[in-house]
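K.L.:
Here are the chains, one letter per residue:
Protein chains: 2
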Amino acid sequence: MNDLKQYIEDNKERFLEELFSLIRIPSISSKTENKEDMVRCANRWAELIKEAGADLVEVIKTEGAPVVYGEKMIDPNAPTVLIYGHYDVMPVEPIDLWNTPPFEPTIIDGKIFARGADDDKGQSFIHAKAFEYLVKTNQLPCNVKFMIEGEEEVGSESLFTFCTQNVEKLKADVILVSDTSMLAAGVPSINVGLRGLTYLEVKVVGPCRDLHSGVFGGAVANPINVLCDMLSSIIDKDGKITIPGFYDDVLEVSAEERALMAEAPYDEQEFKDMIGIKEVKGEKGYTTVERTWIRPTFDVCGIWGGYIGEGTKTVLPSEANAKVSMRIVPYQDPDKIMKLFKEYFESIAPDYVTVTVKPHHGGDAYVSPIDLPAYRAAEKAFAATYDGKKTIPTRSGGSIPIISDFEKILGIKSILLGFGIEEDGIHSPNECFPLEQLFKGIETVPYFYKYFAEMEKK
Amino acid sequence: MNDLKQYIEDNKERFLEELFSLIRIPSISSKTENKEDMVRCANRWAELIKEAGADLVEVIKTEGAPVVYGEKMIDPNAPTVLIYGHYDVMPVEPIDLWNTPPFEPTIIDGKIFARGADDDKGQSFIHAKAFEYLVKTNQLPCNVKFMIEGEEEVGSESLFTFCTQNVEKLKADVILVSDTSMLAAGVPSINVGLRGLTYLEVKVVGPCRDLHSGVFGGAVANPINVLCDMLSSIIDKDGKITIPGFYDDVLEVSAEERALMAEAPYDEQEFKDMIGIKEVKGEKGYTTVERTWIRPTFDVCGIWGGYIGEGTKTVLPSEANAKVSMRIVPYQDPDKIMKLFKEYFESIAPDYVTVTVKPHHGGDAYVSPIDLPAYRAAEKAFAATYDGKKTIPTRSGGSIPIISDFEKILGIKSILLGFGIEEDGIHSPNECFPLEQLFKGIETVPYFYKYFAEMEKK
Numbered sequence: 229m230n231d232l233k234q235y236i237e238d239n240k241e242r243f244l245e246e247l248f249s250l251i252r253i254p255s256i257s258s259k260t261e262n263k264e265d266m267v268r269c270a271n272r273w274a275e276l277i278k279e280a281g282a283d284l285v286e287v288i289k290t291e292g293a294p295v296v297y298g299e300k301m302i303d304p305n306a307p308t309v310l311i312y313g314h315y316d317v318m319p320v321e322p323i324d325l326w327n328t329p330p331f332e333p334t335i336i337d338g339k340i341f342a343r344g345a346d347d348d349k350g351q352s353f354i355h356a357k358a359f360e361y362l363v364k365t366n367q368l369p370c371n372v373k374f375m376i377e378g379e380e381e382v383g384s385e386s387l388f389t390f391c392t393q394n395v396e397k398l399k400a401d402v403i404l405v406s407d408t409s410m411l412a413a414g415v416p417s418i419n420v421g422l423r424g425l426t427y428l429e430v431k432v433v434g435p436c437r438d439l440h441s442g443v444f445g446g447a448v449a450n451p452i453n454v455l456c457d458m459l460s461s462i463i464d465k466d467g468k469i470t471i472p473g474f475y476d477d478v479l480e481v482s483a484e485e486r487a488l489m490a491e492a493p494y495d496e497q498e499f500k501d502m503i504g505i506k507e508v509k510g511e512k513g514y515t516t517v518e519r520t521w522i523r524p525t526f527d528v529c530g531i532w533g534g535y536i537g538e539g540t541k542t543v544l545p546s547e548a549n550a551k552v553s554m555r556i557v558p559y560q561d562p563d564k565i566m567k568l569f570k571e572y573f574e575s576i577a578p579d580y581v582t583v584t585v586k587p588h589h590g591g592d593a594y595v596s597p598i599d600l601p602a603y604r605a606a607e608k609a610f611a612a613t614y615d616g617k618k619t620i621p622t623r624s625g626g627s628i629p630i631i632s633d634f635e636k637i638l639g640i641k642s643i644l645l646g647f648g649i650e651e652d653g654i655h656s657p658n659e660c661f662p663l664e665q666l667f668k669g670i671e672t673v674p675y676f677y678k679y680f681a682e683m684e685k686k
Numbered sequence: 229m230n231d232l233k234q235y236i237e238d239n240k241e242r243f244l245e246e247l248f249s250l251i252r253i254p255s256i257s258s259k260t261e262n263k264e265d266m267v268r269c270a271n272r273w274a275e276l277i278k279e280a281g282a283d284l285v286e287v288i289k290t291e292g293a294p295v296v297y298g299e300k301m302i303d304p305n306a307p308t309v310l311i312y313g314h315y316d317v318m319p320v321e322p323i324d325l326w327n328t329p330p331f332e333p334t335i336i337d338g339k340i341f342a343r344g345a346d347d348d349k350g351q352s353f354i355h356a357k358a359f360e361y362l363v364k365t366n367q368l369p370c371n372v373k374f375m376i377e378g379e380e381e382v383g384s385e386s387l388f389t390f391c392t393q394n395v396e397k398l399k400a401d402v403i404l405v406s407d408t409s410m411l412a413a414g415v416p417s418i419n420v421g422l423r424g425l426t427y428l429e430v431k432v433v434g435p436c437r438d439l440h441s442g443v444f445g446g447a448v449a450n451p452i453n454v455l456c457d458m459l460s461s462i463i464d465k466d467g468k469i470t471i472p473g474f475y476d477d478v479l480e481v482s483a484e485e486r487a488l489m490a491e492a493p494y495d496e497q498e499f500k501d502m503i504g505i506k507e508v509k510g511e512k513g514y515t516t517v518e519r520t521w522i523r524p525t526f527d528v529c530g531i532w533g534g535y536i537g538e539g540t541k542t543v544l545p546s547e548a549n550a551k552v553s554m555r556i557v558p559y560q561d562p563d564k565i566m567k568l569f570k571e572y573f574e575s576i577a578p579d580y581v582t583v584t585v586k587p588h589h590g591g592d593a594y595v596s597p598i599d600l601p602a603y604r605a606a607e608k609a610f611a612a613t614y615d616g617k618k619t620i621p622t623r624s625g626g627s628i629p630i631i632s633d634f635e636k637i638l639g640i641k642s643i644l645l646g647f648g649i650e651e652d653g654i655h656s657p658n659e660c661f662p663l664e665q666l667f668k669g670i671e672t673v674p675y676f677y678k679y680f681a682e683m684e685k686k
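Line order of the protein sequences matches chains L and W.
All you need for this note's numbering is the position in the first sequence, starting with 1, plus 228.
All you need for this note's numbering is the position in the second sequence, starting with 1, plus 228.
Take the hints with a grain of salt, since some may be wrong.
Partial pick of chain W residues on the chain L-facing surface, computed with a CB cut under 8 angstroms [said to hold, decoys possible]:
| id | residue |
| --- | --- |
| 1 | 393 |
| 2 | 394 |
| 3 | 423 |
| 4 | 436 |
| 5 | 446 |
| 6 | 447 |
| 7 | 506 |
| 8 | 523 |
| 9 | 584 |
| 10 | 657 |
Quick caveat, the hints were computed from the structure, so don't treat them as lab data.
Virtual Cβ for every residue (Gly too), placed ideally from N, Cα, C.
Chain L on its own, in the form it takes in the complex (with noise of 0.2 angstroms):
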């Protein structure tokens, strides 16, 4: 692979003109509004995937957003690796504090930024040119498969459903994947395990209209007023969640395990700073890496009620929302999870409201060996690129509920090589990519496949 560093240079600015083609397409999978923009990016991932060298190439019809699937079979005899990824992205609010339009890539300091830099187009598009290089050249040693959803960000359903119809079709020898973060840039490391999510919405009715603050006010439930109460006692002083059986099928970690995660380099000042925040804050007993990792979490990601324009409306609100997101671990169950949330807090609802729980999308935890080799394989990739440097093996606090069902339904292990930075601010304003890790993550995908396939005639 000689000549890998000169085609990488050689076709850069192509590649960036087809990234950004890419990002263009505000995909934003849980808007209604961009339903055809989700047509359109499915095409043109298509598109890039059969320029790119692929022999079938098709765009899937799905109750949902459609899978792109495509392929190369060189040899049945050959390994198959699968890639996944998703041309799906996050909302963009809060839209004014971007700095550059979120859907037209900005290049600045050596940085893409753009709503889906990183998360996941920025990622999944290493693959595609990774593929091409192996392909154009002649050098592809193995079988590749290409599956990318549109959904991933709202639940992965129709991909659930897609793979339970075609378990022959999707046939592989690892799942490979790059949608999580190296512990730093320079810092080659692979994800072995990653956080489960039940999400869910909440709404806390009281009066059936707004009511004026002065006339009513006193003796009257505030609904806004009730939702922080109830919200509030869902964590306990010492950070752990008070919904009874939360913690029961929680694996806790050995003593060993644990000692190894300190090892993670990790500097608490530099992780303070990088967030700006002035105190770390977490569940008594473990610590901040321990704490995003392994343990699992409840988050308010939205509250909403009464009055939220300029000025003031003095309003006692007919309602209250928030949608919630709690992280969950080995071996909690998402489903039920949901249910003692849903059964805890109708309970704690006093008589002078009326609380629904409306779940969202949810999804298992993972977790993974290290000693397959697709994970050897994918070190030695790392070595091939980064210098000789070894690979730390990590965890994340993030979900890719699509991971875990891979393996219940395709009987498949995931390789979690991601090439994104924590900087990068996915799900974040101002979401960008190194142009770096974009190139890097080009450079070293073609090394995993060339070891893959030798480690699999072994």
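Position chain W against the provided structure of chain L, taking the given hints into account.
P.N.:
Then chain W, alone, in the frame of chain L:
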């Protein structure tokens, strides 16, 4: 005044067209985008007062919304009545709960539905037409001054300045105000007490940007969770406000007065049905009437933070905000309460967040004795148009801060002769005003002038 009913009957259609011309102007004082509408609305009011018979009419510029002033001086020895009203209205959000366009008055079942239909365009319009009748039929027994402002819903700052600069011009024997409610249609009552107001906004900031709730969740304090905790801690389980010193200046109403209040017609089931609640809720040891008339409150009028759009976003937001109204009672001081809140809120803020408290407008509470000549004149006026019924003195939980300022600056007492009813839903979607209340008001006010002139002569 034998021709009064006939005059109203003959002019009903014109009256409504004139009122509708006021309502159609979206004079929302809290929104900068409606700045021009404020001027249009003031000018329209000036036209109406002029046409009704005022000799002098002025639209006076201020730092904020213009003040409309008009007068007809018939005799230096006659008593002078100063009419106060406001042409500004509350915002209309949540807009999707309106059954008709908020600024296109629509008559359904004998009620005008529109923002401002009652508060205060409909109610203050009563005075323009009562005055018109007395002028056109040569029966006006008092000097009349009109002072209609455009900032009542946001704190009346410009009117405050206007009053301090025009004490001589505004000289009068009584201020007559229709901006409150009767106990019920057909039950004449006059407000003799109003609560004051302290209104503010709080912001809780955690991380310097929105974070991924998976990557950071569990290790970083979530500003929404923190805001909920803080707001929740401000009311204890007995419904008492926990801000130190909050109750220090509260006038404890005597057992005798509380016994009188208990006689006010009030049916708890009706109250609950009217606003669709299952149970009332408030400060322990006080009745529903007392909770709204003589006790202070702490209500969150609005809350927002994180992702509040459609679907889901797994975000750990950078900040959370709330708007808070505290209704205060004699002799609480709005500035002192603001200070106490700010100190307390800052003192309970944990290290890992930054909080800011932004004061909005406030105002004193108001009490008025019931042995004033003007009160007696209003009683007699009600008796004249409500079949001899006795007027019940009441209080209101609402605030008209400028009323206590009038007394302080101008040395004039106000009579709160309201024709609204509770069901009008002021400040809410589908605000309305029954035609019966409108026309009954126009019928009652001329009698007030008649009896007031007679009493002041004696």
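K.L.:
Against each hint, give a clear statement of whether it holds in the structure.
P.N.:
Verification of the supplied hints:
For residue 393 of chain W, the shortest C-beta to C-beta distance to chain L is roughly 25 angstroms, which exceeds 8 angstroms, and the interface hint is violated. Look at residue 394 of chain W: its Cβ only gets to about 26 angstroms from chain L, farther than 8 angstroms, so that hint breaks. The criterion of a C-beta within 8 angstroms of any C-beta in chain L is met by residue 423 of chain W, whose closest approach is roughly 6 angstroms, and the hint holds. Taken as an interface hint, residue 436 of chain W checks out: its beta carbon lies about 3 angstroms from the nearest beta carbon of chain L, inside 8 angstroms.
Given the 8 angstroms rule on beta carbons, the hint for residue 446 of chain W holds: about 4 angstroms separates it from the nearest Cβ of chain L. Checking residue 447 of chain W against chain L by beta carbon gives a least distance of about 4 angstroms; that is within 8 angstroms, so the hint holds. The restraint placing residue 506 of chain W at the interface with chain L holds, with a minimum CB-CB distance near 6 angstroms, inside the 8 angstroms limit. Taken as an interface hint, residue 523 of chain W checks out: its beta carbon lies about 5 angstroms from the nearest beta carbon of chain L, inside 8 angstroms.
The restraint placing residue 584 of chain W at the interface with chain L is violated, with a minimum CB-CB distance near 15 angstroms, outside the 8 angstroms limit. For the restraint placing residue 657 of chain W at the interface with chain L, the shortest Cβ-Cβ distance is roughly 7 angstroms, inside the 8 angstroms limit, so the hint holds.
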